[in-house]
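S.K.: So the protein lines, in turn, are chains A and B.
With UniProt numbering, the residue at position 77 of the first sequence is 77, and numbering never jumps.
With UniProt numbering, the residue at position 235 of the second sequence is 235, and numbering never jumps.
Keep in mind the hints are simulated off the structure, nothing from the lab.
You may find that some hints are simply not true.
What the hints assert, rightly or not - In silico contact screen, one side only, chain A against chain B (beta carbon under 7 Å); selected entries:
1) F3
2) A117
3) N120
4) G125
5) R126
6) S144
7) S185
8) E186
9) G187
10) A191
11) S215
12) L219
13) E220
14) G224
15) A352
16) V356
Said to hold, decoys possible - Partner residues aside, some chain B positions facing chain A, computed with beta carbon under 10 Å:
17) E75
18) Q174
19) T296
20) I298
21) E346
22) P348
23) A352
24) L376
Don't be surprised by glycine CBs; every beta carbon is placed ideally from N, CA and C.
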Amino acid sequence: MAFLKASDLPAIPTYRVMDSDGHQVDKTRPAPDVTNEEVLTWYKNMLSVSVMDVVMFEAQRQGRLSFYMVSAGEEGITVGSAAALTPDDVVFAQYREAGVFQQRGFTLKNFMSQLFANANDTGRGRNMPVHYGQNYPRMHTISSPLATQIPQAAGAAYALKLQDLQNPNRDPRIVACYFGEGAASEGDFHAALNIAATRSCPVVFICRNNGYAISTPTLEQYRGDGIASRGVGYGIDTIRVDGNDVFAVNEAMKEARRLALSEGGRPVLIEAMSYRVSHHSTSDDSFAYRARVEVEDWKRRDNPIIRLRKWLENQGIWSEEQEKETRDEMRKAVLKEFGEAEQEKKPSLRDAFTDVYEEITEEQREQMAELKRILETYPDEYDLRPYKDGINGLD
Amino acid sequence: MAAPRLFRPTARLFSSRLASTALRSNLRQSACAPSILRRGYATENGTKEVTVRDALNEALAEELEANQKTFVLGEEVAQYNGAYKVTKGLLDRFGPKRVIDTPITEAGFCGLAVGSALAGLHPICEFMTFNFAMQAIDQIINSAAKTHYMSGGIQPCNITFRGPNGFAAGVAAQHSQDYSAWYGSIPGLKVVSPWSSEDAKGLLKAAIRDPNPVVVLENELMYGQSFPMSEAAQKNDFVVPIGKAKIERPGKDLTIVSVSRCVGQSLAAAAELKQKYGVDAEVINLRSIKPLDVETIIASLKKTGRLMVVESGYPMFGVASEILALSMEYGFDYLTAPAVRVTGAEVPTPYAAGLEAMAFPQNDTIVSQAAKLLRL
């Protein structure tokens, strides 16, 4: 009789392409299969998200929006993985995936419109900040309660699989589902992986293991070999990658996508290791539970943006001047969109009533009519200029 | 999707609220007017100003001290002192065996707490907010609430579930719900919801001591509010009995029944009704959702002849609906006007601050509805 001892098993290795100095780890393999142009796009997308994060975090501190979450330290995971998706693929994210949105065409204007809940926000100003959503390329609106997106992703993948079987002419699609290592403690994670495996759903689960779930360090979150070991337990092809290495993430995601569509579809798990440089959210002060020096060390020692910058400089396609110029431009662009979004009109009055149900209910119709009557009766009492279409918004 | 005609007056609350407050920026008013509070307690000696947060903390510390079977568990309750700092200092005082940080698994740690209660311990299970307790509601309802009954009375489940309930500020649809009606509808559960610091301390201690599973619905917006706490309430033997309401303000013209944060708003509204119209409203702080103190409500209703219930849940099938039904069952002949309810609006809580304010009862909503009820 022999018990399998978790502590005797070798740790699952971490896939890396580039080291922390921006050099290829294995010199014998071919260089990453990406054009310089593409890598520069990734870099700029990562940079753009981080520039936006700094501005918006400060804006929250100034009271200009109620809440914000930065993704510092995790831009490599989000941008690198999203770059391996096709526009038809579907994303379910948690809340620290601004890089996925950025890489998939979400513009600064889109971000700012959501953050300031203005008339251009596709969510009609109804959600907390950073709860982005986009129709195409499809990224489901962020859901606040942890891990609810994971079983949904398995279900959506199953639906895509059936749709693609019925329509063999279209390119098959996958679902990419993002979550943190904390969310992987929720029952939903386990239910999702098991059902995705048994129903052979073409879904790639991407766990951003950033070391902290608000204040809970991974040491108290789990005891096994990270999240990756769980994938194996559910019979799912699994890889652990260095999340600060955008090439490793991208290559793993490309291969995961291929695997997910092979043999009639199956789930894949990627555990991407990183470090949450930022506070959990604007509601959190992480220096209450971890040393400032630990964070500063990580920032200095290893960071996906700095690592890619070193790689670009090693290739001779990036320079100090370009860096400065690009950062300045981005900051200006962010501030411009910020200012415009803040000035933009608020959603139409009608949006206070719509979408609770598909159809406007009888009560809501009456309420809208009454509101209109009151606003028309007392035009001097209510300033309707900040609202899109003013009084006509109620028609 | 049209609601029955019967409910039309409530459905219209939203629009009538707009009539008085619409789209102005000064919607946020303090939940409790300090002047009223001070008046109520001014004669008492040895009172101390205590925040609701500290009162809860005191209750936890005292019960942990008094009963070795109790322990606290939840997300970030130990090292981080709780997401809202209610468990501050407890880890240092009672150690990691009795103040336990858990992984982010509501269904998991709630089930674990229920299991430890079934094994004879008296766990205090904190949910970061009751919005997240939905992940674990099966454990609360199907296991905690029903096991005593299903075991033929041999298996008690002495557990306390606690955490913030109701809407907070700017946290939108998925973080802003009142679960009073949800838990209040379950046989086997007791449900309390404090307003003041005395309520908070006394009810939480009663909940921990009660042999049944008790759900303590706190309110995030109240944690930082200070209330005077009597000398008696500062002692470690202070408990507030579950199932007894408290008349916060006596009156003869109108009974306002309320719970949690809305009690403060109702008191402010009562003061305004007195000042504006000379009306004496009696304000009843329910304290306990289940069991419900029907006796106090009906006695007050018999005195005033008019009933209004103010709560922040959704309008339909709620705490207010239940009290209105009970008022007709037990006090119909004493009602001189149809009883009314002032509740949250029938809409997922909006993010926009202005709309959020309009989605829940405000002081002037209560005043205007009371004026309407009293035909003032």
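S.K.: Give me the numbers of the hints this structure contradicts, sorted from smallest to largest.
M.R.: Structure breaks hints 1, 3, 10, 12, 14, 19, 20 and 24.
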